[in-house]
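Engineer: Take a look at the letters that make up each chain.
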Amino acid sequence: MLFLIELWESVRDFIATGGDVLYVVALALFLMWICMIERFWFLNAVFPKLQSKIIADWDQRSDTTSWYAHRIRDAWISEASDKLSERVLLIKTLVAMCPLIGLLGTVTGMITVFETMATQGTGNPRLMAAGISMATIPTMAGMVAALSGLFFSTRLESKVKMAKEKLVDSLPHH
Amino acid sequence: MKNLLKLLLVSGTVAMAAASAQAADSLDALLEEVKKNRVSEARVNKQREAEFQAARADKQALLNKARAGLKAEKERGDRLKKQFEENEVTLANKEVELQNAVGTLGEMFGVVRQASAEAYGRISTSIVSAQYPGRADFLERMSNESKGLPNIKELEDLWFALQTEMTQSGKVSRFTTEVVSLDGGSEQKEVVRIGTFNLVSAEGYLTYKDDLKQVQPLGRQPDGYMVNSATGFATGGSGLEAVYIDPSQGQILGLLTAKATMMERYHAGGLPGYVITVMLAIGLLIALYKIIVLTVMSGGIRKQLNNPQNPSTSNPLGRILTVYEENKNADTETLELKLDEAILRELPSIESGINLIKILAAIAPLLGLLGTVIGMIATFQQITLFGTGDPRIMAGSISMALVTTAQGIIAALPLILLHSVVAGRSKSIVHILDEQAAGIVAARAEGEKA
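From first to last, the protein sequence lines are chains L and S.
The opening residue of the first sequence carries number 1 in my numbering; numbering runs sequentially from there.
The opening residue of the second sequence carries number 1001 in my numbering; numbering runs sequentially from there.
In short, the hints are calculated from the structure, not lab data.
Where a beta carbon is used, it is the ideal one built from N, C-alpha and C, also for glycine.
No false leads were slipped in.
Only part of the chain S face toward chain L is listed, based on derived beta-carbon distances under 10 Å:
1. GLY1368
2. SER1399
3. ALA1401
4. HIS1419
5. GLY1424
6. ASP1434
7. ALA1442
Pairs of lysine to aspartate or glutamate, EDC-like flavour, derived with a Cα cap of 16 Å:
8. S/LYS1427 / L/GLU79
9. L/LYS161 / L/ASP82
10. S/LYS1427 / S/GLU1346
11. S/LYS1338 / S/GLU1435
12. S/LYS1427 / L/GLU86
13. S/LYS1449 / L/ASP63
14. L/LYS164 / S/GLU1435
15. L/LYS92 / L/GLU157
16. L/LYS161 / L/GLU79
17. S/LYS1189 / S/GLU1178
18. S/LYS1449 / S/GLU1325
19. S/LYS1328 / S/GLU1446
20. S/LYS1171 / S/GLU1241
21. L/LYS83 / L/GLU165
22. L/LYS92 / L/GLU38
23. S/LYS1427 / L/ASP82
24. L/LYS83 / S/GLU1435
25. S/LYS1328 / S/GLU1448
Could you put together the complete structure from these sequences and hints?
Structural biologist: Structure representation (structure tokens):
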């Protein structure tokens, strides 16, 4: 419990020095990871059942070569791939947004720095330090968030693609 | 002398009168008379001489007395001069003696002066002075006194002043004082002083202006939750109460009044900022419209998916399925062409506007960049005019440059996110129409054949 309190303290300190933009970064990161975890769970737990059901349905069919069979097969594949790539676009967008949010933090931090300069002059660099930390920390946080998402989202995408191809391959025209 | 003249005149007239009256025979009488007068005259002269003699003796005595006085004074002068010289020597001796006696204490008095100067600086600006006014005058006098040694009473007063400040800095106390409001009026208010840190009242934080010796409300209060804590503290009764304090004794709160508000910052963006706002508004409206339209559309499509037998013309999938109903007996190639045609007819209304959101999201940061460049141009113009001496002149337009960048990013972020949401929805609808509609038709045809 004490450990958690200390952890929370350090997070709060971090946000206090980094400014409110960190909340936005945290929100984007949270959303991104929730979506990604959901996708991985879907790929590993839900999709295999769906896939085997589709394959079994296909294998039951007597006619697999006519125009109708082709259209039905395409529809099933499309339906499955729609389910597979749900929210993948959102994840990719969130990954791309993270550095942009970080940049927003940089700009707001620099505004703070120049505001301090406008009112207090450049005499005391300590006054500017708050703005500078508000400029640099969100940038870093945005980068880290994007990097953490980039690897897994790429992996997720290739997994989705693989699963799709595997499904297509396992519905042969016999 | 006057008496003498009168005497002569009288005797002359008497003689004349006698002469005129008695003529020649009275010459003897005149002689007799003159002889007589001569005797009396000699007597008078003798008397006068005696008087003169007497006066002379008096004057001589006076002179002698004056001479004696002068001599006495001269002697006294000499004596005093001697005494003065002696005193000079004594004074010098005494000064040396004093210096010896003061010895290390001299240093102590220096410390006292320094301490009182320091205490003056601290106590005159301290908010405790709002509660106990007039403490600083004595300290100011004491720190300015360059000559002379402080006596026990003054030392004690310094001690009391420091002790008061120290004791009061550990106390939270409530008192009534005159608060000068920002529009000039003043009224008596109950004020709570938290140590030497902050003054709070029911309206929020107050400041103590040491130059005017006035308590004023802060020009701009901090965030709402901090003010709430302060007013709660000021109005609360006994017991524990949490409050935000400014540990820099009001400096940070002072800086706060110089800080720009959100609205001021927004307007610093200028024309590019307003254009960005308009673009954000347009993008949000389009996105909202598209989300509503697509949600309604996909709802209709889902309903239709569950019930492919009765195609309704109110949704795109239903319209495509009606094409099949109308061309049931056509061969598969014709049917496919007809279906494709129907699908192509549906797509524009689904995909319209989505690219517009994307374009707006891409243009907003670019407009921000434009604002940045305009701001930098203004900055360099100011440098050309005023030089780089005062960073404050430049800082204004630099903050404008940065504000537009921030506005561009702030506008772009939601638009990008909404674009991805809208694009995802439209893509799933397009997939259903493009790839699955034919499958549904095929499944129905198969079912009908069987």
